[in-house]
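Residue numbers (the numbering used here), protein chains in the order written: chain A, 128 to 435; chain B, 451 to 536.
Some clues are possibly wrong.
[What the hints assert, rightly or not] Derived, one-sided and incomplete: chain B residues facing chain A with beta-carbon distance under 10 Å: (1) Ala459; (2) Thr461; (3) Thr462; (4) Leu479; (5) Gln480; (6) Met488; (7) Val531; (8) Lys532.
[As the list claims (entries may be wrong)] Cross-link-like lysine to aspartate or glutamate pairs, in silico, EDC-like; alpha carbons within 16 Å at most: (9) A/Lys134 <-> B/Glu501; (10) B/Lys487 <-> B/Asp527; (11) B/Lys526 <-> A/Asp158; (12) A/Lys320 <-> A/Glu195; (13) A/Lys134 <-> B/Asp527.
Derived from the structure by calculation, the hints contain no laboratory data.
C-beta: ideal position from N, C-alpha, C; glycine also.
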Amino acid sequence: MTAETSKHLFGSGHTACAGCGQAIAARLVVDVTGKNTIIANNTGCLEVFSTKYPESAWGVPWIHSLFENAAAVASGVEAALKYLGTKDKITVISQAGDGGTADIGLQALSGMWERGHDILSVCYDNEAYMNTGIQRSGLTPFDTNTSTTPIGSQSAGNPRPKKPMPEIAVAHGLVYVATASVGYPRDIENKVKKAVSIKGPKYIQIHVPCPLGWRHDPQITYDIGKLAVETGLYPLIEYEYGKLTGVRKLSKIKPVEEYLKFQGRFKHILSSPEQIKQIQAIADSNIERYGLKVESVSAPQDKEAGPL
Amino acid sequence: MFGPIISKAITTRANKTGSWRVDSKPKFLQKDCIACKMCVLICPEACVTGEGKNTYICDYEFCKGCGNCAAICPKKDIIMVKEETQ
Ligand SMILES: Cc1ncc(C[n+]2csc(CCOP(=O)(O)OP(=O)(O)O)c2C)c(N)n1
Ligand code: SF4
Ligand code: SF4
Ligand SMILES: [Mg+2]
Numbered sequence: 128m129t130a131e132t133s134k135h136l137f138g139s140g141h142t143a144c145a146g147c148g149q150a151i152a153a154r155l156v157v158d159v160t161g162k163n164t165i166i167a168n169n170t171g172c173l174e175v176f177s178t179k180y181p182e183s184a185w186g187v188p189w190i191h192s193l194f195e196n197a198a199a200v201a202s203g204v205e206a207a208l209k210y211l212g213t214k215d216k217i218t219v220i221s222q223a224g225d226g227g228t229a230d231i232g233l234q235a236l237s238g239m240w241e242r243g244h245d246i247l248s249v250c251y252d253n254e255a256y257m258n259t260g261i262q263r264s265g266l267t268p269f270d271t272n273t274s275t276t277p278i279g280s281q282s283a284g285n286p287r288p289k290k291p292m293p294e295i296a297v298a299h300g301l302v303y304v305a306t307a308s309v310g311y312p313r314d315i316e317n318k319v320k321k322a323v324s325i326k327g328p329k330y331i332q333i334h335v336p337c338p339l340g341w342r343h344d345p346q347i348t349y350d351i352g353k354l355a356v357e358t359g360l361y362p363l364i365e366y367e368y369g370k371l372t373g374v375r376k377l378s379k380i381k382p383v384e385e386y387l388k389f390q391g392r393f394k395h396i397l398s399s400p401e402q403i404k405q406i407q408a409i410a411d412s413n414i415e416r417y418g419l420k421v422e423s424v425s426a427p428q429d430k431e432a433g434p435l
Numbered sequence: 451m452f453g454p455i456i457s458k459a460i461t462t463r464a465n466k467t468g469s470w471r472v473d474s475k476p477k478f479l480q481k482d483c484i485a486c487k488m489c490v491l492i493c494p495e496a497c498v499t500g501e502g503k504n505t506y507i508c509d510y511e512f513c514k515g516c517g518n519c520a521a522i523c524p525k526k527d528i529i530m531v532k533e534e535t536q
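Construct the entire structure; sequences and hints are all you get.
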């Protein structure tokens with residue numbers, strides 16, 4: 128296979144860790160939006176592992192400027208395309224990790240959303256600042272052991288729950304907001320397809336397991352992604368024009384230990400029934416809030432084309 | 451450095467990341483494949499190709515041996531084998 132015959136717009140030879148969830152999701156996104164795409168990327172693992180100078184893994188125009196300003200760069204690109212009269216033919220993406228999205232890049236992102244640019248924002252949520260050594264972000268889950276929320280006699284890990292980014296996006300009046308996961312690759316494709324079919328600002332947050340930061344076997348990236356959804360800890364939801372329009376229902380909801388037990392970042396919790404209870408309560412509140420449980424046997428189940 | 455730094459498309463292919471594999475690599479059995487393409491969708495290295503049943507294969511020049519293709523295959527038609535054997 129040569130670069131010419133490969134159909135992917137995100138190519139081989141990048142330097143992500145083996146089993147990196149973000150490398151899976153980034154390829155799925157750009158392969159759906161196609162060659163008429165321009166991407167602005169915040170700093171983070173994806174930026175670093177895909178563009179080790181003088182190389183690039185990207186098959187589309189791709190711009191990196193700073194950690195916090197991809198949304199501002201994308202806004203300028205979109206405005207320029209509008210001026211040139213070519214915006215309708217080109218998809219503009221502003222993408223970042225969870226730190227780049229929910230913390231340091233939030234100001235530029237909020238401005239981009241509020242101004243109503245026709246841009247797709249993608250957040251690759253690996254739940255910490257991975258590229259600089261696993262520091263806690265606003266999207267790190269409760270009780271996670273990170274380098275800035277280490278466990279010890281006074282600490283059970285990250286003391287705060289995940290920042291509600293999808294709801295923050297909805298509050299900006301976005302036309303489309305969704306969560307997705309590398310545990311459901313076809314679902315990522317469908318949501319990206321749907322997002323780019325709607326004009327206006329949209330946001331997709333994709334759960335991307337990180338073998339290095341979560342301390343799990345690289346072979347189970349896919350399974351870990353699925354388990355987060357199946358336990359109710361990472362609900363897959365869709366909002367269109369502010370209304371909750373899609374929820375991936377689950378026929379069998381697994382206890383949170385099933386997800387936690389494979390990850391070193393949660394190892395300290397497994398021996399503490401009290402902490403497991405607190406995390407189960409987070410899952411239970413998601414299950415209740417989004418109606419994740421299949422109510423009757425005839426209702427559609429958590430099926431996607433493929434091995435689920 | 452001043453001004454933009456520009457790289458050519460998909461030039462990362464200069465990095466033969468297959469050398470990163472430590473002990474195992476996938477073997478595509480090509481026996482029970484139903485062409486669901488899940489291995490193509492999941493591979494973080496974008497190195498699985500094929501078209502139709504029992505044709506899927508990966509490029510060992512780039513495969514890092516992560517094993518997710520084997521994990522996702524619904525027919526268990528991809529297995530991880532020790533690096534020395536074929
Ligand atoms: C202004 C600024 N502050 C800090 C950094 C250092 N830095 C580079 S990448 C990164 C972490 C990125 O985290 P995230 O956005 O979650 O992406 P990930 O690496 O986890 O994919 C940090 C802190 C920087 N490049 N610029
Ligand atoms: S640290 Fe995590 S996100 Fe970064 S390249 Fe490795 S697996 Fe991917
Ligand atoms: S082992 Fe990993 S890198 Fe190799 S072909 Fe399978 S999914 Fe791709
Ligand atoms: Mg991150």
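Query raised in the report: Quick check: which numbered hints come out false for this structure?
Result: 4, 5, 7, 8, 11, 12 and 13
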